[in-house]
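Heads up: the protein sequence lines correspond to chains E and D, in order.
According to the numbering used here, the stretch in the first sequence is residues 1 to 306, in order.
According to the numbering used here, the stretch in the second sequence is residues 1 to 253, in order.
Mixed in with the good hints, there may be bad ones.
As the list claims (entries may be wrong) - Residues from chain D that face chain E, not an exhaustive set, calculated with beta carbons under 7 Å: (1) N2; (2) I188; (3) P189; (4) D210; (5) G214; (6) V217; (7) A239.
Treat the hints as calculated values from the structure; they're not laboratory data.
Note that beta-carbon positions come from the ideal geometry of N, C-alpha and C, so glycine has one too.
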Amino acid sequence: MSNIYVVVEHFKGKVEDITFEMLGKAKELGDVTAVLIGNKDLASELGAASKVITVDAPELAEFNPEAYLKTVSEVVSNGNADMVMVGNTSMGMDIAAGLSVSQDMPLIAYASDMGTDSVTSQLYGGKVNVESAVSGKCIVSVLPGSFPGDAGKVDGSPAVEEAAAPDLSEVKVKFRKLIEPEGGDVDITTQDVLVSAGRGIQSDENIPMVEELAAKLGGAVSCSRPIVDNKWLGKTRQVGKSGLKVKPKLYLTLGISGAPEHIEGMKEADLIIAVNTDPNAPIFDYAHYGCTADLFDLIPALSSKL
Amino acid sequence: MNIVVPIKQVPDLVEELEIDGSGKDLNREWLKYKINEFDDHALEEALLYKEANGGTVTAIVLDSDGIDKVLHAAAAKGADKVVKIMGDFGSAVSSHAAGKAMADAIQAMGFDMVMTGVQAVDDRDGQLAGIIANHLNTPNINVVTGVTKDGDNLVVQKEYGGGVVAEFEVSTPVVIGVQAARETPRYIPVAKIRKASRGINIEEVSGSTDGNAGSEVSRMFKPEGGQGAEMLGDDAEAAAARIIEILNEKGIK
Ligand SMILES: Cc1cc2nc3c(=O)[nH]c(=O)nc-3n(C[C@H](O)[C@H](O)[C@H](O)COP(=O)(O)OP(=O)(O)OC[C@H]3O[C@@H](n4cnc5c(N)ncnc54)[C@H](O)[C@@H]3O)c2cc1C
Ligand SMILES: Nc1ncnc2c1ncn2[C@@H]1O[C@H](COP(=O)(O)O)[C@@H](O)[C@H]1O
């Protein structure tokens, strides 16, 4: 029986979905130990694990990249994990690679499926899957949304073991504050219809065209990350890993490739229609309907019929 | 403040990717490469920091085909020094091997801050920044969208999900994985880069090649492309008509 450690991710007193997704999968693979740092009260929610190791210290009250990495490394080095699961999330990205070096354990990133001797990753923006053979111990960073969370949300009373924190007096990173997003003009998480623009839109001059189509469909405009990084639309319109999670009745994408970080935010939409000139774009693996027309032809064609 | 920016090229995803005969790697013969977009952001953030607070920016790469022009572009944008690590790294170098070689070279040249892209589309064995940081024994913060100076310390903004940003304070030395620079990366026309390239001296250092991923690729395959979606073709008029029908059927419009 393998020993699987799951690094619990929590934020503002709530266990994050990725944790339950990992716990559910871990249970299929072996005996599960949850590693819970910074908020031991959450142990009662981790019924899918047979054991919870908690570590608390004032420096761990808020997520801290350096202090959390040190603490996870200490727990793993004192334990007997065959596999360590870390979310491929903003927090997990501060842990997985450093842990791999400090513990001399191989790391497989962007993992979307795993067994005890093979791990599948999504690479090249979701265009290629790669299977890695693993022998012996390993760390996997797990793509959010790869497994159902329900399997990890089960009752149970795991044994709780309180471990001492490592010496954190030398930690250089200090948490200062959280900056909440400013409320936008539109809350894309409550819209029934989203027309979502990606890098294929080419220029901010083309945004009004998308806005017009969205208005005709009775919805709002959302977008992928590069559109926000280019400052063509505000951050409140971004869908995905570091943006918002949306579940509209219709999600129409225009020039979005379907990178895993975008898919994470929209794959639960009721109806997904994707427009992309590249027939191999990963977005078509998640869409219900796909169209390989040029978006600059499709938008007017659609607009004129509405 | 000496800022070192590790940069790499990745396959351009605009092109179709083919799997080679071994079934374990991309067919790299005709691959078109481009700078990892997050490294481009890291370089921009490093240049912005230097322009505001002084210091030097050094771009560093592992030797590979066509990499010189990446260094020429970095220099044309404002990097003070460009360095190439020589060694037989192969075309599909792992993050662990690259990270070890980078860390050894960076250690040897001295640094205050390392800024590199938060991730790349091909880092099967993990992100470079965390690997480099652990070899250099420094703190590491990733998914960063801005680094500014406050007294002797750095203020680092890190993105969480849902648009929430966490602000941290840290002293140097530190390794930062940049998600997005505060400004859109500056654009330098290729003609200008070509012109600038004549005056640029690429410093070559020898690299360690003892890092490795610790795992092997057993199979590479394409996801079942297009199977999820019912395809409506490439004719805009016909597809638009069909989309309207679908929306009507579903009662959306
Ligand atoms: C930590 C982290 C968090 C991230 N968070 C997010 C996030 O929250 N949201 C997000 O979206 N991304 C996020 N990303 C970025 C993500 O990795 C991708 O870079 C991004 O999703 C790509 O956006 P895109 O699909 O618009 O652009 P691209 O991948 O460049 O795709 C553009 C597509 O447009 C198509 N196209 C071009 N011209 C036309 C045309 N005329 N007609 C039709 N189609 C056309 C092309 O074929 C291509 O497929 C994150 C990355 C990291 C590292
Ligand atoms: N403005 C630029 N900024 C950054 N890198 C560039 C720029 N122009 C060219 N390059 C580099 O040169 C490579 C080839 O450029 P190109 O021939 O324009 O596709 C790119 O992949 C980049 O690595």
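Checked hints:
1. Look at N2 (chain D): its Cβ only gets to about 18 Å from chain E, farther than 7 Å, so that hint breaks.
2. A hinted interface residue such as I188 (chain D) counts as satisfied when its beta carbon comes closer than 7 Å to some beta carbon of chain E; here the least separation is about 17 Å, so the hint is violated.
3. Checking P189 (chain D) against chain E: minimum C-beta separation of about 17 Å lies over 7 Å; hint violated.
4. Contact between D210 (chain D) and chain E, as hinted, is not supported at the beta carbon level, the nearest pair being about 13 Å apart and thus beyond 7 Å.
5. Annotation: interface hint on G214 (chain D) holds; nearest CB of chain E at approximately 3 Å, less than 7 Å.
6. The beta carbon of V217 (chain D) is positioned within 7 Å of a beta carbon in chain E (closest approach about 6 Å), and the interface hint is therefore held.
7. For A239 (chain D), the interface hint holds, since its Cβ comes within 7 Å of a Cβ in chain E; the closest pair sits about 4 Å apart.
In summary, the numbered hints that this structure violates are 1, 2, 3 and 4.
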